[in-house]
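Taken in sequence, the protein lines are chains P and V.
Each residue of the first sequence is one higher than the one before, starting from 781 at the first, in the working numbering.
Each residue of the second sequence is one higher than the one before, starting from 926 at the first, in the working numbering.
It is worth saying that the hints were derived from the structure and are not from the lab.
Do not rely on the hints blindly, as some may be mistaken.
[As the list claims (entries may be wrong)] Label-pair restraints from in silico Cβ distances:
1) P:H825 / V:E929: 25 to 31 Å
2) P:E930 / V:V1052: 26 to 32 Å
3) P:R831 / V:K1030: 18 to 24 Å
4) V:R927 / P:G818: 20 to 26 Å
5) V:G975 / P:G896: 40 to 46 Å
6) P:K832 / V:K1030: 51 to 57 Å
7) P:N821 / V:I935: 25 to 31 Å
8) V:D1034 / P:E858: 29 to 35 Å
9) V:T947 / P:G882: 36 to 42 Å
10) V:D1034 / P:V906: 22 to 28 Å
11) P:D907 / V:E929: 37 to 43 Å
12) P:P827 / V:E974: 40 to 46 Å
13) V:R927 / P:D826: 16 to 22 Å
14) V:W959 / P:E930: 20 to 26 Å
[Unchecked claim] Where chain V lies over chain P, by a calculated footprint (3+ residues, C-beta under 8 Å):
15) 817 to 825
16) 848 to 857
[To be verified] If you want a taste of the chain P side facing chain V, the calculated C-beta under 7 Å gives, among others:
17) F787
18) P842
19) N843
20) G864
21) T865
22) G884
23) E886
24) E888
Bear in mind the structure is a predicted one, so any value in this text is a computation, not a measurement.
Idealized CB from N, CA, C, for every residue including glycine.
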Amino acid sequence: MITTDLFDEIRDRIGHRETIGLGVVTALQIRRYARAVGEDNPLYHDPEYARKRGFADVIAPPNMVPSIVDWGEGDVEEELLTDGTAPGHLLGLDISDVRIMGGGEEMEFHRPVTAGTRLTLHSELVDVAQRQAKTGLMIVLSFRNNYRDEAGIPLLTCNRTVLLR
Amino acid sequence: MRREFSQIGIGDEIEEQSHRPTQVQLFRYSAVTWNSHRIHYDRPYAEKEGYPDVLVQSHLHGAFLTKLCTDWMGEDGRLVRLALRVRRFAVPGDVLVCRGTVVDKAVVDGEGRVTLRLEEVRSDGEVCAPGEAVVAFPLAET
């Protein structure tokens, strides 16, 4: 249930920043992602071709990185919520009785993500708003997620809207 | 395939692509993105939430629009920006047609930039995901 208390708690976290090490993007992960989507672009599958195009290895399809829900092994099954998602992955708040929905994404691609890149995510809660929907009160969160390589070079920015209801 | 900035005109329509997601595709997409949300693989659960079947992941809608742009732009293009919103759900068996139109052209920082208006349309005509993209091209040497 969305309450004004929850809204106030979230509003207090505007500007909250997190830095998370995501680990290394592997060539196999890229090839599997491309396969799942139905992408046959050799940039994602063929390291020789990618090298000829000036990359060190295969590169990831542009929207792959923000699509990965969990970069680690995930929680043990008993700890997942009824809907199968991980608990409390939103700003450390107890939101187990709230439905989380993606409300849209705006991605800026600064540089391609090459296989072998070690990624860091810098995530910031930039805004929060309340909206009255047919089904009741809704909270709209705006995050700015910056993905960088080991040297701190920005690779991708994802402005993501998340709806709670 | 190469595409020249000078040959692109406002109003041009880009070659459409269609996808017919299957349960296997949704499973593999959830697996590779480590997405354990039951709405994408557990039909009785999805029905309990009021949907006719498991749902296409919002990022898979995004992947279809990404592919539309990157296939169109060819070797010389660079996808700079992609924005999208998933407005309607889709389930396995739906045919999703991705379309795009050139709505703007400009030279920015010494490269050509093309703005595309995008949409992914469901079999019944409903727009599942509207979007917008910017693709950069090198300018021809003079």
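Interface restraint verdict for P:G864 against chain V (beta-carbon cut-off 7 Å): 4 Å, holds
Interface hint for P:T865, Cβ within 7 Å of any Cβ on chain V: 5 Å, holds
C-beta pair P:E930, V:V1052: status relative to the range 26 to 32 Å that was hinted: 40 Å, violated
V:E929 and P:D907 - C-beta distance against the hinted 37 to 43 Å: The hinted range 37 to 43 Å holds for P:D907 and V:E929, with Cβ atoms some 40 Å apart.
Outcome of range test on Cβ distance (P:H825, V:E929; 25 to 31 Å): Roughly 26 Å apart at Cβ, these two residues keep to the hinted range, so it holds.
Distance restraint evaluation - V:W959, P:E930, Cβ atoms, bounds 20 to 26 Å: 22 Å, holds
Coverage criterion applied to the stretch 817 to 825 of chain P (partner chain V; beta-carbon cut 8 Å; 3 residues): Held - the stretch 817 to 825 of chain P has 4 residues with a Cβ nearer than 8 Å to chain V, which meets the minimum of three.
Cβ distance range 40 to 46 Å for P:P827 and V:E974, holds or violated: 42 Å, holds
Satisfaction of the hinted span 36 to 42 Å by the C-beta atoms belonging to V:T947 and P:G882: 22 Å, violated
Range hint 20 to 26 Å (beta carbons of V:R927 and P:G818) holds or violated: Hint holds: Cβ distance 23 Å, inside 20 to 26 Å.
Given hint P:E886 near chain V, where the shortest CB pair must fall under 7 Å: 4 Å, holds
Hinted contact P:E888 with chain V - closest CB pair below 7 Å: Hint on P:E888: holds, closest Cβ of chain V at ~5 Å, below 7 Å.
Against the hints set out earlier in the document, violations occur for numbers 2, 3, 6, 8, 9 and 17.
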